[in-house]
Amino acid sequence: MKHVPDATADRTFTEDGTTDRDSVDSLLSELDEYAVEQALRIAESGVDAEISYLTIGPDDARDALRKALAMGGDSAIHVSDEDIVGSDAFGTSLVLARAIERHGFDLVLCGMASTDGTMGVVPAILAERLGVPAVTHLEDLAIENGTATGRREGDGATARIQGALPAVVSVTDRSGDARYPSFKGIMAAKKKPLETLDLADLGLDAAQVGPAGARSAVDAATRRPARTKGEIVTDDGTGGAGLATFLTTKKFI
Amino acid sequence: MAEILVLVDHTDGAVRKPTLELLTLARRLGEPSAVFLGPGVDAATEALGRYGAHRVYVVDAPEVDEYLVTPAVDALTQIAERTGPAAILLPSGPDGKEIAARVALRLDSGLITDAVDIQAGADGPVTEQSAFAATYQVTAHVTQGVPVITVKPNAVAPEPAPVTPAVEKQDIDFGPAAAAVRVLSRTPRERGDRPELTEADLVVSGGRGVNGAENFALIERIADLLGAAVGASRAAVDAGWYPHSHQVGQTGTQVSPQLYLAAGISGAIQHRAGMQTSKTIVAVNKDPDAPIFELADHGVVGDLFEVLPQLADEIERRRS
Numbered sequence: 002m003k004h005v006p007d008a009t010a011d012r013t014f015t016e017d018g019t020t021d022r023d024s025v026d027s028l029l030s031e032l033d034e035y036a037v038e039q040a041l042r043i044a045e046s047g048v049d050a051e052i053s054y055l056t057i058g059p060d061d062a063r064d065a066l067r068k069a070l071a072m073g074g075d076s077a078i079h080v081s082d083e084d085i086v087g088s089d090a091f092g093t094s095l096v097l098a099r100a101i102e103r104h105g106f107d108l109v110l111c112g113m114a115s116t117d118g119t120m121g122v123v124p125a126i127l128a129e130r131l132g133v134p135a136v137t138h139l140e141d142l143a144i145e146n147g148t149a150t151g152r153r154e155g156d157g158a159t160a161r162i163q164g165a166l167p168a169v170v171s172v173t174d175r176s177g178d179a180r181y182p183s184f185k186g187i188m189a190a191k192k193k194p195l196e197t198l199d200l201a202d203l204g205l206d207a208a209q210v211g212p213a214g215a216r217s218a219v220d221a222a223t224r225r226p227a228r229t230k231g232e233i234v235t236d237d238g239t240g241g242a243g244l245a246t247f248l249t250t251k252k253f254i
Numbered sequence: 010m011a012e013i014l015v016l017v018d019h020t021d022g023a024v025r026k027p028t029l030e031l032l033t034l035a036r037r038l039g040e041p042s043a044v045f046l047g048p049g050v051d052a053a054t055e056a057l058g059r060y061g062a063h064r065v066y067v068v069d070a071p072e073v074d075e076y077l078v079t080p081a082v083d084a085l086t087q088i089a090e091r092t093g094p095a096a097i098l099l100p101s102g103p104d105g106k107e108i109a110a111r112v113a114l115r116l117d118s119g120l121i122t123d124a125v126d127i128q129a130g131a132d133g134p135v136t137e138q139s140a141f142a143a144t145y146q147v148t149a150h151v152t153q154g155v156p157v158i159t160v161k162p163n164a165v166a167p168e169p170a171p172v173t174p175a176v177e178k179q180d181i182d183f184g185p186a187a188a189a190v191r192v193l194s195r196t197p198r199e200r201g202d203r204p205e206l207t208e209a210d211l212v213v214s215g216g217r218g219v220n221g222a223e224n225f226a227l228i229e230r231i232a233d234l235l236g237a238a239v240g241a242s243r244a245a246v247d248a249g250w251y252p253h254s255h256q257v258g259q260t261g262t263q264v265s266p267q268l269y270l271a272a273g274i275s276g277a278i279q280h281r282a283g284m285q286t287s288k289t290i291v292a293v294n295k296d297p298d299a300p301i302f303e304l305a306d307h308g309v310v311g312d313l314f315e316v317l318p319q320l321a322d323e324i325e326r327r328r329s
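If you read the protein sequences in the order shown, they are chains A and B. Heads up, the first sequence is in this note's numbering, so the first residue is 2 and it goes up one at a time. Heads up, the second sequence is in this note's numbering, so the first residue is 10 and it goes up one at a time.
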C-alpha cells in the first residue's frame, strides 16, 4: 500500500521535484483499498490465508497500515529509511521485492496505480523482480486451484487472463467496493503486529535507491497557469443557441 | 541516424492512431523503426511507412497472442539489444506501460510514462508530463540506459512522412516467463461508428445529471452531430448507464481532445484529472457551483434536457 497526499487537496512539488508531503494531509491511496478488499474477500472465502500489509514511507505512513488493518487482516510491515526518499519505480519495487521475499508470499495484491504518481508500473516490475506471473489490471479476481484469474481491460481489448500462484495481482477500482473499518476493527488494529524495517534489514544500500538509484530525473515541475475563467451564462431559454455560437466561433461547427 | 523503436498498437494489422503519433514524435529524435508483434503485418506496413517507419521488425509468433505482456517484453528487449536504439516509444495503455516497465528493467534503463510531449535534448529525449490531476507540468529525462517512454494518445497530430519500409522478420527466444499469464479469451473493443475515446479530437460526456441510460441518446445525438466520441463520468458508469470503456477520469480513460463537452457532470477531482488538459472545455450543469465551471471556457447553468436539444437543433440549422 501507499500513503499518498490527499488527491482532493491542492498538491505541490518541492524545489527538488519530489512530491511535497508536508503541505497536505496524506492517507491510504484510494486505489490500494480495492486490493485490501480483495485480500479480505479471499480470506473470507475459506482459504487458509494470512494477510500482511506492506508500505514504504516516513513515520506517518503507518497510518495507511493502520487503516488497512482496521479493515481486516493480520499484520503489517513498514519499511522506513531516509535514503529511500526520492526513489523512482525501480527503487521502490526493489525495496518492496526484498521485503516481500524476506516475509515469504503466495500472492502479492496491489492497487492498479497510486493516486499520486499514477504510473501503474510497480506491480509489473515487482513481478519481473520476483520472477512470478503478473496478473494485472483486473476488474474481477478469482483465486482457485492455485491460479489467479480475472478480467483485464487492456489497450484495445478486454481479456480473461490467468496465472499460477505465486503471483503479483493488481486490481482496478471496478473490482468491488472497499469496506469501511468498523469501530471494533479500528480498536483491534491497534493490537496487531507492525514490524519496522530499514534498508540494512533488507540487505540494500543507499546507492540502489533514492535519487542515487533513480534512472530518470525531473528537470522542472511548474504549476500550469490556471485556466482563464470562461464565460458562464445562466440559461434564459437561449443557452443552447449561445453554446452553438461559441462552438461556431471556435470552428467546431 | 539514431534508430528509434516504436511498438505498434494494432488489431490484426489495423494500426491504431496513437502509433502514428508515436512515429511522428520518433522522427524528432531519429529514424523510426516499427516493432510489429502478431499477425497482420502486410496490412500494416503501408500505414507504418506513410508515417515514416524506415524499418518494420516483425515477430509473428503464437506466444504474442496466447500470453499477456511478457512475450512482447522478450521481443522488444531482444530487438533493442540487437539494434541499439536511441529511444523506445510505446503507447500509454495498461499493456504499453507494463511492457515498457519490464523492458526498462531488463535493459537497465530508465522509464518515463504518460508523456504528453517529447523533444530532442542534448542528453537525449526530454519529456513533458502532466501531474497532480494536470495542475502541474513536469519536464524530465532518463539518466540511465536507453530511454523507454510511453506516450499518451493525442500528444501530437500524426504527420505523414512517406518512406518504403524494409520489413525484417525477427526470431525471438521466448524465456520461461513468456508463458506466465495465459490469455483465456480476448474481446477487441467494439469500434462502432463513433471515434474511439482515446483517439477522438472531440468528446461529448454525460454524467449523473443525464439521469438514466436511455437519456444518453441525447449525448450521442450531440456527439454524432459534432463527429465526437462519447464519454461518461464514473457516476454514470457506476449507475450502469454507459459502458465502463467510455469512462473518462483518473481511473478510466484520460483524454486530451480539442473540445470536451461535459453535460450533467459536476467535475469531481477524479474526473477533472481525466479531462483537464482538453484544449477547449464547455459545460452544461444545473448547479452554478459545480467545479466543472472553473475549467469551462464556456458554461451554461441550466437544464441539459433543455440546453442540449436546442444545441442540437441549432447545429443542424447552421449546417443546413
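By construction, these hints were calculated from the structure, which means they are not laboratory data. Mixed in with the good hints, there may be bad ones.
Keeping only pairs whose Cα atoms sit at most 27 Å apart, straight-line, the calculated DSS-like set for lysine-lysine is [what the hints assert, rightly or not]:
id, chain 1, residue 1, chain 2, residue 2
1, B, K178, A, K252
2, A, K251, B, K295
3, A, K252, A, K230
4, A, K230, B, K26
5, B, K295, A, K193
6, B, K288, A, K192
7, B, K178, A, K251
Can you list which hints this structure breaks, lowest number first?
-> 1, 4, 5, 6 and 7
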